[in-house]
Amino acid sequence: MTAFLIALGILLGLALLVVLWLVGIYNGLVRLRQAVKNAWAQIDVQLKRRHDLIPNLVNTVKGYAAHEKDTFERVVNARAKATSATLPADKIKAEGELTAALGKLLMVAEAYPELKANTNFLQLQGELTSTEDRIALSRQTYNDAVTQYNTDLQVFPNVVVAGMMGFKEEPLFETPAEQREAPQVQF
Amino acid sequence: MSDFAPFIPWIGLLLGALCIYASLRSGKRKRLVDDTPTSKTTGVFIGLVELKGTAEIDQPLVSFLAECKCVHYAWSVEEHWRRTVTETYTDKDGRTRTRTRVESGWTTVASGGEMIPFYLKDDLGAILVRPEGAEIEAQKVFAQTCGTGNPLYYGKGPAEAIMNSTYTRRFTETAIPLHTPLYVMGQSRERDDVVAPEIAQDNAAPMFLISTRTEEQVSRGFGWAYWLWGLFGMALAIAGFVIRDGEAGLDPGTRFLGYVLIGIGFILAWMLGWAWMVFNSLVGLRQRVRQAWATLDVQLKRRHDLIPNLVEVVKGLRDHESTLQTELAELRSQAAATPPGVAGPDFHGLAKMTIGIAERYPELTAQDSFLELQRELVNTEQRIALARGYFNEIATFYNTRLEIIPDRFIAPIARLRPQLLLAATDFERAPVEVQFAE
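Protein chains in written order, with the numbering used here: chain A, 1 to 187; chain B, 1 to 438.
By construction, these hints were calculated from the structure, which means they are not laboratory data.
Treat the hints with caution; some may be incorrect.
Keeping only pairs whose Cα atoms sit at most 20 Å apart, straight-line, the calculated PhoX-like set for lysine-lysine is [said to hold, decoys possible]:
no., chain 1, residue 1, chain 2, residue 2
1, A, K81, A, K104
2, B, K315, A, K62
3, B, K30, B, K52
4, B, K301, A, K48
5, B, K28, A, K69
6, A, K93, A, K104
7, B, K30, B, K69
8, B, K30, B, K121
9, A, K91, A, K81
Since this is a predicted model, take the numbers as computed values, not measurements.
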């Protein structure tokens, strides 16, 4: 009788261990699947950042460029007007306009020595690059999460548990065929 | 003693099973080292990567004993002791006797070390490595045994002596000196401070190793561990039975056949474990081949999204600059048109201002933008080329595994198929003609 009880106890103990082990595998898979979802959301964070940031940056750069161009045009026009003026009264008025326009341009150039349009454009180029780098890195992080999950899904004995519990492989990042071609740079 | 004897074989078998585990773990790590292509620092993607380069940092550590510039060091001071012990024992006739014995040994009296994040530099660039949590195989940079006469003895060791000290100390230090070639295998992740990857500890990663040995040496080391643990385990499994038989008063020589059977059983268990390990390793490798393909896709997508926009920006600047330069030229000519003392409109006072502005706008400023675009085009294509190269290499390792013996017997169980390599299409193979004429 006691021998039977001991055997039963051992069997129950073993069964408990197996159950705990299966639960461990299941929980591990659930965690990795959640990590995949999180990594996917992180890409969205970066895409959203791009969507919100880049148009505004472009508009800022455009605005500055327009301002710069406008200031220059005003100086050149005032200069031309002053040169062509013959009457002393016109001349004084034209020179006054010219001095004001030049002063404004000098002020812009002095106040923001680093903010000339070309610097702005360069910064925009840099920000575009680093934005795409961020997106690329977050996509790679997603790929790695998928790789860990899919690997964990396919190794033995997890593959058995995954099959029973209906875990499915997650897709890796894919670029549509037409976007895989090199873009043509043309000026 | 004899009450305990029946359990000895079980202990032997258990230790043997642990040795099988250690053996297969080494085998798995060897396969990981062998099947992972070496990435360039600029081609590092998020995931498990293998890198080769030198350790570099602007402000290195200075090691304690050897005082060499390094990125990691660990030192220890051991002191020698010797003592005479008297022990009581019972001899064959049941009488209690005493005898003296001299014991000696080394005790660690002081130790320490430090490590800092460093850059791993190769021919294309550098990447940050955070060594916390890594298995570090460093070089021995200092080893000296000395007595109290040496200034080192008290200079770098503690003032107090231990019990029974013989006043001999052994100073040893291992370090990763600056500019040492390193082999690194670890998980990369995104850096917090800048948009770049870094190598750091990750609990989910199968390996994080920083070694001053070469890849071949590391791989061979795992290979030896694989076989030696296996043989050691077999010896332990058999030894358990031999000892029990000895305790039971049986002549082990007569039970030779039994031991051979146990050995064969052990080998069968080991082979089963081997098949399991290889199955998982191959399945993991296939997934990493797919990851390499997806990394390439990420880089292609980056090119597709980035380059047209960069080109638009450069175009925008070019148009803006051309308008501006026309106006600047006019300003310059106007300033020059009215030299002092010459008849005509007198803008004497304004000439200085005009020249000042013109100087602040040097000509051809769009050039920087064009240069930057060229750099980014090169960088982008370089990334893509590295991703393609990596894919081809890992796919080759994978295809090789599917063909070699004994792996090819496991591959069908996992239903593994060989992977096609990437190749250039015919028109891409032709040399590129550079033409500037429209």
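Tested hints:
no., hint, in the structure
1, A:K81 <-> A:K104, "holds, 18 Å"
2, B:K315 <-> A:K62, "holds, 12 Å"
3, B:K30 <-> B:K52, "holds, 17 Å"
4, B:K301 <-> A:K48, "holds, 17 Å"
5, B:K28 <-> A:K69, "violated, 66 Å"
6, A:K93 <-> A:K104, "holds, 17 Å"
7, B:K30 <-> B:K69, "violated, 32 Å"
8, B:K30 <-> B:K121, "violated, 24 Å"
9, A:K91 <-> A:K81, "holds, 8 Å"
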